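Below, each chain spelled out in residue letters.
Number of protein chains: 2
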Amino acid sequence: MEHLTTIDRLSLNQITTGNWNLRQAVDGCVRQEIPWIALWRHKVEEIGLADSKRLVKDAGLKVSSLCRGGMFPAATESERQKRIDDNKRAIEEAAELGTDTLVLVCGPSSDKDIATARKMVADGIEQIVPFAADYGIKLGIEPLHPMYAAERCVIVTLNEANTIAEQYQPEQVGVVVDVFHVWWDPDLYNQIARAKGRILGFHVSDWIVPTPDLLMGRGMMGDGVIDIRKIRNAVEQTGYKGPIEVEIFNERIWNQPGDEVLRVMKSRYLEHV
Amino acid sequence: MEHLTTIDRLSLNQITTGNWNLRQAVDGCVRQEIPWIALWRHKVEEIGLADSKRLVKDAGLKVSSLCRGGMFPAATESERQKRIDDNKRAIEEAAELGTDTLVLVCGPSSDKDIATARKMVADGIEQIVPFAADYGIKLGIEPLHPMYAAERCVIVTLNEANTIAEQYQPEQVGVVVDVFHVWWDPDLYNQIARAKGRILGFHVSDWIVPTPDLLMGRGMMGDGVIDIRKIRNAVEQTGYKGPIEVEIFNERIWNQPGDEVLRVMKSRYLEHV
Numbered sequence: 001m002e003h004l005t006t007i008d009r010l011s012l013n014q015i016t017t018g019n020w021n022l023r024q025a026v027d028g029c030v031r032q033e034i035p036w037i038a039l040w041r042h043k044v045e046e047i048g049l050a051d052s053k054r055l056v057k058d059a060g061l062k063v064s065s066l067c068r069g070g071m072f073p074a075a076t077e078s079e080r081q082k083r084i085d086d087n088k089r090a091i092e093e094a095a096e097l098g099t100d101t102l103v104l105v106c107g108p109s110s111d112k113d114i115a116t117a118r119k120m121v122a123d124g125i126e127q128i129v130p131f132a133a134d135y136g137i138k139l140g141i142e143p144l145h146p147m148y149a150a151e152r153c154v155i156v157t158l159n160e161a162n163t164i165a166e167q168y169q170p171e172q173v174g175v176v177v178d179v180f181h182v183w184w185d186p187d188l189y190n191q192i193a194r195a196k197g198r199i200l201g202f203h204v205s206d207w208i209v210p211t212p213d214l215l216m217g218r219g220m221m222g223d224g225v226i227d228i229r230k231i232r233n234a235v236e237q238t239g240y241k242g243p244i245e246v247e248i249f250n251e252r253i254w255n256q257p258g259d260e261v262l263r264v265m266k267s268r269y270l271e272h273v
Numbered sequence: 001m002e003h004l005t006t007i008d009r010l011s012l013n014q015i016t017t018g019n020w021n022l023r024q025a026v027d028g029c030v031r032q033e034i035p036w037i038a039l040w041r042h043k044v045e046e047i048g049l050a051d052s053k054r055l056v057k058d059a060g061l062k063v064s065s066l067c068r069g070g071m072f073p074a075a076t077e078s079e080r081q082k083r084i085d086d087n088k089r090a091i092e093e094a095a096e097l098g099t100d101t102l103v104l105v106c107g108p109s110s111d112k113d114i115a116t117a118r119k120m121v122a123d124g125i126e127q128i129v130p131f132a133a134d135y136g137i138k139l140g141i142e143p144l145h146p147m148y149a150a151e152r153c154v155i156v157t158l159n160e161a162n163t164i165a166e167q168y169q170p171e172q173v174g175v176v177v178d179v180f181h182v183w184w185d186p187d188l189y190n191q192i193a194r195a196k197g198r199i200l201g202f203h204v205s206d207w208i209v210p211t212p213d214l215l216m217g218r219g220m221m222g223d224g225v226i227d228i229r230k231i232r233n234a235v236e237q238t239g240y241k242g243p244i245e246v247e248i249f250n251e252r253i254w255n256q257p258g259d260e261v262l263r264v265m266k267s268r269y270l271e272h273v
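One line per chain: the protein sequences are A and B, in this order.
If you're matching positions, the first sequence starts at 1 in full-length UniProt numbering and goes up one per residue.
If you're matching positions, the second sequence starts at 1 in full-length UniProt numbering and goes up one per residue.
Just so you know, these hints were derived from the structure itself, not from any lab.
Quick caveat, the model's predicted, so the values are computed rather than measured.
Even for Gly, the Cβ is constructed at its ideal location relative to N, Cα and C.
Treat each hint with caution, since some may be false.
To be verified - Below are the DMTMM-like pairs computed for lysine to aspartate or glutamate, each with C-alpha atoms no more than 20 Å apart in a straight line:
| id | chain 1 | residue 1 | chain 2 | residue 2 |
| --- | --- | --- | --- | --- |
| 1 | B | K112 | A | E271 |
| 2 | A | K112 | B | D113 |
| 3 | A | K82 | A | E126 |
| 4 | A | K241 | A | E251 |
| 5 | B | K230 | A | E260 |
| 6 | B | K119 | A | E271 |
| 7 | A | K230 | B | D113 |
| 8 | B | K119 | A | D187 |
| 9 | A | K112 | B | E271 |
| 10 | A | K230 | B | D111 |
| 11 | B | K112 | A | D187 |
| 12 | A | K119 | B | D111 |
| 13 | B | K230 | A | D111 |
| 14 | B | K112 | A | E2 |
As the list claims (entries may be wrong) - From chain B, some residues computed to sit far from chain A (all C-beta separations above 10 Å):
| id | residue |
| --- | --- |
| 15 | E2 |
| 16 | D27 |
| 17 | I34 |
| 18 | W40 |
| 19 | G48 |
| 20 | K57 |
| 21 | P130 |
| 22 | M147 |
| 23 | A193 |
| 24 | K230 |
| 25 | T238 |
| 26 | F249 |
| 27 | W254 |
Claimed, not checked - Using C-beta positions, here's what the derived DEER-type ranges look like:
| id | chain 1 | residue 1 | chain 2 | residue 2 | range |
| --- | --- | --- | --- | --- | --- |
| 28 | A | M216 | B | A75 | 29 to 37 Å |
| 29 | B | A115 | A | P130 | 52 to 60 Å |
| 30 | A | N19 | B | S78 | 46 to 54 Å |
| 31 | B | E2 | A | D123 | 30 to 38 Å |
| 32 | A | I47 | B | S267 | 39 to 47 Å |
| 33 | A | K196 | B | Y135 | 43 to 51 Å |
| 34 | B | N233 | A | K196 | 38 to 46 Å |
| 35 | A | E260 | B | V209 | 48 to 56 Å |
| 36 | B | E2 | A | P210 | 39 to 47 Å |
| 37 | B | E171 | A | P130 | 54 to 62 Å |
| 38 | A | P210 | B | A50 | 51 to 59 Å |
| 39 | B | V209 | A | E33 | 37 to 45 Å |
| 40 | B | D8 | A | N255 | 47 to 55 Å |
Given only the sequences and the hints, what does the whole structure look like? Please build it.
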């Protein structure tokens, strides 16, 4: 399997430098010559949509995705409608920020009925697809690791994400493959192949052992047990040649100097992705 | 769905009272009139096999299972052989202790090649089946939650466990359903139905939110998000009427007085299982 020889496809998902605001992240990418950035809405909100757009554009950065829409299941119809409205705002923001992909973190169940929550996810996506299409935004369903099923996302396998996505045209709804979330799945390579034409994003980090924390326990590529290159090759065999986001939730990494994180990230990207 | 009306099937998995030795756990079960106990090998070893056997027998307790065999994948042939030998010892111990079920925690991969590790699990089981049959011991493959894939068990879905088990007669190899490990699985109810005649154990606890720790973060039944009763009903529809083990890894619970834990466990069992 071939190494990547350039960082042309490398994207800083800004959660990796969680202590940086958007301005600092943009400046860091410029200094480190990282061509892509993935934005988070709470970071955009800190400095405002217009300024965020201008900062990214003036820096010449490309935006690989906006994170996140989703969070569809809720106990009441009115709350579910609020979530739909919020997804519409996220779609507008994504378009304004110059990306074509909104990442969906689909949300947890509001009660013990996870099957119904999964239906609410499918229903929610159905409701926002036409709106997203009007803005030229693709919806990327990101299955999260099953350990997040109770708190973040009832969609926990690529199989489920593919099944929902296949209800729509590939230019409308697809999937996001994050190695941290899917590496354990015995059906992974079948499901990646099945997602051909629908992979809207590819995220990398690593699963470190021991895992210090459910949320903040991700590692830098090469520090863990995931065969990242094998997964990348499978993703590329489907035709995906888009940006590769480095998305690491880890407080220890957050507390390192951002430029150091970006330097390590670049070398690990070439070595392990 | 019907409540359980008695604790006839309730088993204390002794990891739930992790600070108790086997003698204390046996005495606790007698005081609280819990008819079953599930033993762990490191607890048996503390006081010796012969004394453990005598203690349990004299108390009139039934042993629902011994935990654990497994841990098959290893980097070298000689190390894999050591694991087989250890499994054979576990089978002898299970028979000596008076249970018919050895729970298999199949083990992590020794490198990034999780597919090969899964083959090593299947190969390891194949090697010990005849030995187990000689002792009248059934091998219960327990899929663990995917968050343990790197450290404890590459078998993370009931689908995988069923696929291996189906290579053998039901009286030789089956599966263990632990709600904590499988509740998130979109294919859960299909796989429980598929396991008909092969379910060798049913374990309960709960998934608490927020989850404080990967290993030690399980909760008492009723404190979390798992629809335990729905899963129990599915398990019983396959014909399983055996013991129900309460298996909770949680240091806060370990630090409570053991009898208090058993009292709560009994009432939660009737209320939520």
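Status of the hints after comparison with the structure:
1. Pair hint K112 of chain B plus E271 of chain A holds up; C-alpha atoms about 15 Å apart against a cutoff of 20 Å.
2. Only pairs whose Cα atoms come within 20 Å are accepted, and K112 of chain A paired with D113 of chain B is rejected, the gap being roughly 35 Å.
3. Distance check on the hinted pair: K82 of chain A and E126 of chain A sit about 15 Å apart at the alpha-carbon level, within 20 Å; holds.
4. Using a Cα cut-off of 20 Å, the hinted pair K241 of chain A and E251 of chain A is violated, with the two alpha carbons roughly 30 Å apart.
5. Restraint check for K230 of chain B and E260 of chain A: not satisfied, since their Cα atoms lie roughly 50 Å apart, outside the 20 Å limit.
6. Of the pairs offered as hints, the one joining K119 of chain B and E271 of chain A is violated, with about 28 Å between alpha carbons and a cut-off of 20 Å exceeded.
7. A hinted pair counts as satisfied when its Cα atoms are at most 20 Å apart, and K230 of chain A with D113 of chain B qualifies at roughly 10 Å.
8. Taking the CA atoms of K119 of chain B and D187 of chain A, the gap is near 14 Å; set against the 20 Å cutoff, the hint holds.
9. At most 20 Å may separate the alpha-carbon atoms for a hinted pair to count; K112 of chain A and E271 of chain B meet this at roughly 15 Å.
10. Among the hinted pairs, K230 of chain A with D111 of chain B is consistent with the structure: their alpha-carbon atoms are about 14 Å apart, no more than 20 Å.
11. Between K112 of chain B and D187 of chain A the CA atoms are separated by roughly 16 Å; this keeps the pair inside 20 Å, and the hint holds.
12. For the suggested pair K119 of chain A and D111 of chain B, the alpha carbons sit about 38 Å apart, so the restraint of at most 20 Å is broken.
13. Distance check on the hinted pair: K230 of chain B and D111 of chain A sit about 14 Å apart at the alpha-carbon level, within 20 Å; holds.
14. With a CA separation close to 17 Å, the supplied pair K112 of chain B and E2 of chain A stays within the 20 Å bound.
15. No beta-carbon of chain A is positioned within 10 Å of the beta-carbon of E2 of chain B; the least distance is around 17 Å.
16. Every CB of chain A lies more than 10 Å from the CB of D27 of chain B, the least distance being 34 Å, so the non-interface label holds.
17. Here I34 of chain B stays apart from chain A, with its beta-carbon at least about 26 Å from theirs, past the 10 Å limit.
18. A cut-off of 10 Å between C-beta atoms confirms that W40 of chain B is not in contact with chain A; the least separation is 21 Å.
19. At the 10 Å boundary, the C-beta of G48 of chain B stays outside the reach of chain A, the nearest C-beta of that chain being 31 Å off.
20. The beta carbon of K57 of chain B sits about 38 Å from the closest Cβ of chain A, which is more than 10 Å, so the claim that it is off the interface holds.
21. Non-interface call for P130 of chain B relative to chain A: holds, since the shortest CB-CB distance, roughly 27 Å, exceeds 10 Å.
22. With a cut of 10 Å on Cβ distances, M147 of chain B falls inside the contact zone with chain A, its closest approach being about 4 Å.
23. At roughly 15 Å, the least C-beta separation between A193 of chain B and chain A is larger than 10 Å, which holds for a residue marked as non-interface.
24. Not every CB of chain A lies more than 10 Å from the CB of K230 of chain B, the least distance being 8 Å, so the non-interface label is violated.
25. Every C-beta of chain A lies more than 10 Å from that of T238 of chain B, the closest at about 19 Å, which supports listing it as non-interface.
26. Its beta-carbon lying about 14 Å from the closest one in chain A, F249 of chain B satisfies the requirement of being farther than 10 Å from that chain.
27. Non-interface call for W254 of chain B relative to chain A: holds, since the shortest CB-CB distance, roughly 19 Å, exceeds 10 Å.
28. Range check, M216 of chain A to A75 of chain B: about 30 Å between beta-carbon atoms, so the 29 to 37 Å window is met.
29. Take A115 of chain B and P130 of chain A: their Cβ atoms lie about 41 Å apart, and the range 52 to 60 Å is violated.
30. Under the hint 46 to 54 Å, the C-beta atoms of N19 of chain A and S78 of chain B, about 48 Å apart, fit the expected range.
31. Roughly 32 Å separates the CB atoms of E2 of chain B and D123 of chain A, a value that falls within the hinted 30 to 38 Å.
32. Taking 39 to 47 Å as the suggested C-beta distance range, the pair I47 of chain A and S267 of chain B does not conform, at roughly 53 Å.
33. Distance hint check for K196 of chain A and Y135 of chain B: the Cβ-Cβ separation is about 49 Å, which falls inside the suggested range of 43 to 51 Å.
34. Between N233 of chain B and K196 of chain A the beta carbon distance is about 39 Å. The supplied range of 38 to 46 Å therefore holds.
35. For the hinted restraint 48 to 56 Å between E260 of chain A and V209 of chain B, the CB-CB distance of approximately 35 Å leaves it violated.
36. Remark: the range hint 39 to 47 Å for E2 of chain B to P210 of chain A is upheld by a beta-carbon distance near 41 Å.
37. The given range of 54 to 62 Å is respected by E171 of chain B and P130 of chain A, whose C-beta atoms sit roughly 56 Å from each other.
38. Checked against the hint of 51 to 59 Å, the C-beta distance between P210 of chain A and A50 of chain B comes to roughly 35 Å, which is inconsistent with it.
39. As the Cβ distance of V209 of chain B to E33 of chain A is approximately 42 Å, the hint placing it in 37 to 45 Å holds.
40. Restraint check, D8 of chain B to N255 of chain A: a C-beta distance of roughly 54 Å satisfies the suggested window 47 to 55 Å.
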